[in-house]
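> I would like the entire structure built from these sequences, with the hints used as guidance.
The chain contents come next:
Number of protein chains: 4
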Amino acid sequence: MVKVGIIGAGRIGKVHLESISYHVKNATVVAMADPFMNDETESFIKEFGVEKIYKDYKEIINDPEIDAVLVCSSTDTHAPISIEAIEAGKHVFCEKPLANTTDKIKEIAEALKAHPEVKFQVGFNRRFDHNFAAIRKAYDEGKIGDAQILKITSRDPQAPPVGYCAASIFLDMTIHDFDMACFLTNSDVEELYVYADALINPGIREYGDFDTAIISMKMANGALAVIDNSRQAMYGYDQRAELFGSKGMVATSNDTLSSAVLSTVDGVTGEKPLYFFLERYMESFSQEVREFCDAIINNTETPVGIHAGMQSVKIALAAEKSANEGRPVKLSEID
Amino acid sequence: MVKVGIIGAGRIGKVHLESISYHVKNATVVAMADPFMNDETESFIKEFGVEKIYKDYKEIINDPEIDAVLVCSSTDTHAPISIEAIEAGKHVFCEKPLANTTDKIKEIAEALKAHPEVKFQVGFNRRFDHNFAAIRKAYDEGKIGDAQILKITSRDPQAPPVGYCAASIFLDMTIHDFDMACFLTNSDVEELYVYADALINPGIREYGDFDTAIISMKMANGALAVIDNSRQAMYGYDQRAELFGSKGMVATSNDTLSSAVLSTVDGVTGEKPLYFFLERYMESFSQEVREFCDAIINNTETPVGIHAGMQSVKIALAAEKSANEGRPVKLSEID
Amino acid sequence: MVKVGIIGAGRIGKVHLESISYHVKNATVVAMADPFMNDETESFIKEFGVEKIYKDYKEIINDPEIDAVLVCSSTDTHAPISIEAIEAGKHVFCEKPLANTTDKIKEIAEALKAHPEVKFQVGFNRRFDHNFAAIRKAYDEGKIGDAQILKITSRDPQAPPVGYCAASIFLDMTIHDFDMACFLTNSDVEELYVYADALINPGIREYGDFDTAIISMKMANGALAVIDNSRQAMYGYDQRAELFGSKGMVATSNDTLSSAVLSTVDGVTGEKPLYFFLERYMESFSQEVREFCDAIINNTETPVGIHAGMQSVKIALAAEKSANEGRPVKLSEID
Amino acid sequence: MVKVGIIGAGRIGKVHLESISYHVKNATVVAMADPFMNDETESFIKEFGVEKIYKDYKEIINDPEIDAVLVCSSTDTHAPISIEAIEAGKHVFCEKPLANTTDKIKEIAEALKAHPEVKFQVGFNRRFDHNFAAIRKAYDEGKIGDAQILKITSRDPQAPPVGYCAASIFLDMTIHDFDMACFLTNSDVEELYVYADALINPGIREYGDFDTAIISMKMANGALAVIDNSRQAMYGYDQRAELFGSKGMVATSNDTLSSAVLSTVDGVTGEKPLYFFLERYMESFSQEVREFCDAIINNTETPVGIHAGMQSVKIALAAEKSANEGRPVKLSEID
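Residue numbers (our numbering), protein chains in the order written: chain A, 191 to 525; chain B, 191 to 525; chain C, 191 to 525; chain D, 191 to 525.
Read the hints as simulated data drawn from the structure, not as lab findings.
All figures in this text were calculated on a predicted structure; none of them were measured in a lab.
There are no misleading hints in this set.
For identical chains, the list gives no copy identity; a pair is met inside one copy or between any two copies.
Distance condition first, Cα-Cα at most 20 Å in a straight line; then the derived EDC-like pairs of lysine to aspartate or glutamate:
1) 333 to 461
2) 327 to 456
3) 204 to 230
4) 511 to 381
5) 437 to 387
6) 437 to 456
7) 215 to 230
8) 245 to 266
9) 296 to 378
10) 215 to 473
11) 215 to 241
12) 333 to 456
13) 437 to 461
14) 296 to 523
15) 215 to 237
16) 248 to 277
17) 296 to 277
18) 437 to 346
19) 215 to 232
20) 327 to 461
21) 193 to 237
22) 193 to 484
The structure is reproduced here in structure tokens:
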């Protein structure tokens with residue numbers, strides 16, 4: 191049983207608290223910290239039997255009872271807190287993106303080099319989703335042969351308010367799809383080209399951001415790939431992928447609440463996709479932590495290491511560059 | 191929080207223990223009893239933090255700390271244990287079938303009349319399944335108009351060993367489908383006719399049992415219904431239903447582990463249905479207990495009462511009679 | 191090239207005229223007859239290059255140029271005209287049902303015995319439908335093993351006006367499904383039991399007819415089967431079948447005009463089934479005549495002979511008897 | 191009834207001959223010409239009742255009986271023959287691509303300007319396919335709102351032999367998809383970027399060609415679009431499209447021979463897509479000629495004019511340029 195401290199009690203921190211308490215047998219949450227901890231949050235946390243509740247995350251890092259920390263704080267603090275925890279000898283599970291620059295990620299990498307006993311995992315939960323895992327499994331088993339074309343469709347159900355995002359669509363939303371592209375083809379990205387626009391809310395152009403994008407990529411293993419993104423699909427969260435190869439194709443469709451189909455004079459109607467990432471990916475949040483704790487217990491490699499965390503940020507930065515400069519960008523250009 | 195004692199530590203008892211521990215927030219298991227309790231079972235139970243572990247179920251019934259009991263013992267003891275618990279003022283959740291004869295169920299009914307404060311629920315978990323619930327919801331909302339034709343397909347992935355079952359296919363397997371027929375049409379059964387045979391393993395005819403059946407029924411509300419059963423579908427657990435009415439139809443298909451579809455030179459292949467009832471209906475085991483506990487906490491009616499328990503057994507007995515006598519049997523013939 | 195005369199210029203006669211002219215390479219229509227032939231019909235027929243247009247069908251039967259006749263007249267004349275044609279040495283393709291009584295069909299059978307050179311086919315076009323043929327093919331290839339359960343869903347998009355039908359639902363509509371049950375299981379029916387009612391239009395009870403039915407059957411080869419019928423599915427013509435066996439199941443769904451699926455805030459909506467039998471089964475009308483002409487040209491057996499014509503009517507009569515008498519009826523009771 | 195002469199008796203010429211003879215009521219083929227006309231081809235043509243069979247296409251152009259010509263000769267002769275026919279006052283239906291250079295298409299355009307009475311149509315048959323037409327219809331009806339993302343998947347079942355193609359993949363295969371992109375979004379292309387490679391048969395690189403490509407595009411109306419191409423999908427001809435917009439999405443899937451699905455211990459398997467373009471698009475070959483003849487008869491605009499013919503070639507040339515130069519190419523660069 192791994193004793194876990196969660197740093198950050200925002201939405202994703204609470205998701206992990208609940209998920210671990212109910213569904214993860216090899217972990218238990220013993221402490222939680224948030225600088226904005228208030229009575230409401232505290233009483234929510236207490237319901238799960240967590241007794242150590244702090245404002246200062248250092249209390250967690252200094253607690254000898256705690257084996258591992260989940261870094262669920264704001265993106266700009268991911269790297270410094272991770273590094274502090276690593277240096278304190280805690281195993282670290284850090285939410286994505288690790289940082290908005292590669293420099294900070296390199297610092298994490300260095301800290302990890304200095305502490306080879308520390309397990310480190312990045313929170314790319316979609317790798318643990320039943321559908322995407324099934325694609326990778328079929329690929330690993332040779333069922334589709336050599337990878338040639340990957341297609342990922344990733345569309346959110348609702349655009350965030352204009353000006354809300356600190357980061358670009360690529361660092362905030364597509365980063366998951368970039369990691370998925372690497373995961374599904376088992377390869378890094380070599381080069382990419384982006385068409386992006388503000389078709390849903392032209393106002394976000396002022397912020398230098400986009401809400402609709404098509405990112406085409408050349409993978410290091412030779413496969414071609416394309417991601418299409420939209421911030422607002424009126425029918426809900428659209429999360430599909432297909433991998434085509436020399437022997438065939440494996441494709442997944444959206445999950446729904448039930449398989450019920452209604453046939454009436456108006457047509458034959460099934461349910462919309464599950465609304466958003468909490469509904470769609472809940473089980474994957476449990477599975478990623480289960481495997482993180484297994485790696486700690488068995489002293490094996492974690493399934494999503496620092497390389498994946500770095501790659502995804504580099505790809506996102508390359509995508510920004512391509513969208514802004516209107517030219518293909520090689521990953522080797524991003525330092 | 192309802193304090194629960196589970197009587198019976200066989201497969202279904204363990205399912206409830208795990209399901210309540212991990213997924214049911216308004217209940218906690220405080221005791222468990224089984225006449226064959228052994229070290230292995232005891233240590234399994236202890237892992238979930240249950241401290242009171244007995245051989246004698248009466249320890250549970252006499253424990254003033256316990257609010258409710260789950261009767262998960264063998265079918266022949268369902269009625270006597272339920273009655274004892276009712277008379278001790280415990281709320282009772284009893285697995286299906288309540289009994290193999292109507293007399294015993296009448297005794298439960300009488301005990302309940304004498305203890306109107308006791309909440310009683312029958313373990314027809316499929317009513318809480320996302321797919322079947324979606325059919326009933328569409329019907330209740332008037333989307334398909336008046337019910338005219340109900341079709342239920344219910345096929346197990348693997349036949350039990352010959353001679354294994356004490357009860358007939360109708361009392362052991364179809365009883366869930368009979369309850370489902372009543373639930374989906376919101377009606378009792380008036381009359382039925384059965385074609386049944388031993389097409390998978392002719393040897394079970396010696397035991398007076400069947401492994402393949404088509405049961406057609408006239409519902410009390412006028413709808414016609416048909417259930418088809420097989421003990422052995424080579425592609426897995428086949429659990430589908432469709433309700434057709436004056437305005438349209440609502441139909442459900444099987445659940446799978448993932449939505450992945452593989453296209454190769456051999457065809458376009460999706461996954462088989464989830465293997466069996468534990469995989470397929472796990473969430474419904476949690477939901478039925480959640481709603482049972484809600485009824486206790488809020489002092490409201492439970493969602494599956496004694497009437498459903500009696501109806502399903504009567505229908506099963508009528509089905510046996512029809513299969514053996516080769517004639518339509520009215521429910522009113524079953525006393 | 192088989193020279194064909196069509197007797198009867200109603201809807202189905204015109205369907206065959208157009209289908210043969212456009213799609214059947216081994217046949218040509220040279221004559222058409224109808225007692226109610228008028229200018230409009232005549233000019234319709236002439237467009238297809240047919241020059242011999244008569245009121246009296248005997249002109250066709252006596253025409254030495256004509257190799258084969260299609261009997262598309264009213265049901266009560268099917269048998270006498272078929273017999274006349276057989277005796278004149280013409281090959282005969284007769285629409286279903288051959289007659290409403292078995293006596294008349296026996297007379298056709300006797301005429302055929304006396305003229306073994308004559309090819310005779312019954313118009314059960316659905317046997318030539320791509321979907322149903324695919325089920326039978328999978329069964330013949332051993333892919334599902336021994337047949338155990340057959341399910342046929344057959345629902346019309348619109349009920350005929352009350353009092354319109356001379357024949358019962360079983361002789362008019364279900365007769366196709368009865369033939370399909372025999373075709374898909376490659377077996378005759380041994381016994382059946384029917385629940386039938388007038389749920390759409392109670393007024394048709396006065397005519398002794400039904401609009402909703404569930405027919406369960408024991409096939410001669412041991413398989414169990416069930417047909418469900420409705421005269422009015424609001425979402426269109428519902429024509430599905432599934433055959434379940436010891437190795438697996440093969441099932442078909444409805445055809446649509448396109449595969450387009452619209453996803454909006456209201457759900458994920460596909461097209462309704464093709465409206466009715468002309469839209470749904472057009473290609474099968476061509477294919478049945480192609481194979482009839484092939485049998486003539488190659489002097490081989492036709493694919494749907496007098497036995498199928500007799501069986502289907504016997505099953506329909508047995509179904510009527512079961513519905514009216516409320517008991518299972520053996521086919522051997524129908525003489 | 192439009193009297194048609196077909197120039198070119200290769201595969202596509204024969205397809206039109208058969209399609210018009212059997213399925214197109216408003217046209218009749220009266221003449222056919224091919225420089226390599228031989229006995230076998232002649233006898234094939236005669237079976238359809240065509241009496242005028244020539245080696246020299248000028249016989250058709252000079253025949254006053256003929257209203258319209260179908261130019262089905264080799265690509266390099268499309269333009270000169272079309273121009274000769276236009277100047278002779280014949281209506282012209284020309285197969286795609288009109289030419290491999292824009293200059294030749296401009297010459298056709300000039301000939302058309304000089305003969306405004308002549309109807310001219312390009313053979314983009316997929317516009318008349320039931321699935322793609324359904325997407326455009328949904329878009330025209332406003333069901334998906336403003337177009338934002340278009341995705342086209344177009345994969346052939348079998349790669350042509352290395353060195354077989356005179357033209358690039360873009361002019362030979364993708365040209366249909368380019369036209370489809372314009373058709374489905376009802377817009378021209380403004381700019382595109384291509385990733386292309388020889389992943390199936392590296393040998394074709396020597397010929398400067400590719401067999402796998404992802405083409406991303408910015409449409410003139412602001413929508414983003416992506417086409418993915420492969421010369422060899424082991425599961426057959428993969429022809430799908432989806433159009434996503436401000437109100438929702440409309441998507442189509444592949445057509446199959448039947449809807450039969452087989453469930454066994456190996457999985458749940460449906461049929462592969464129809465094999466190739468003749469199986470998949472046969473009906474659209476009839477429909478495009480029907481509408482061409484309607485335009486002649488009613489003196490209305492043809493549905494696919496010279497603009498579409500020019501656009502598709504320009505896009506193909508831009509795609510070649512982008513693939514070879516590794517940069518985005520604006521359509522305005524192609525003169």
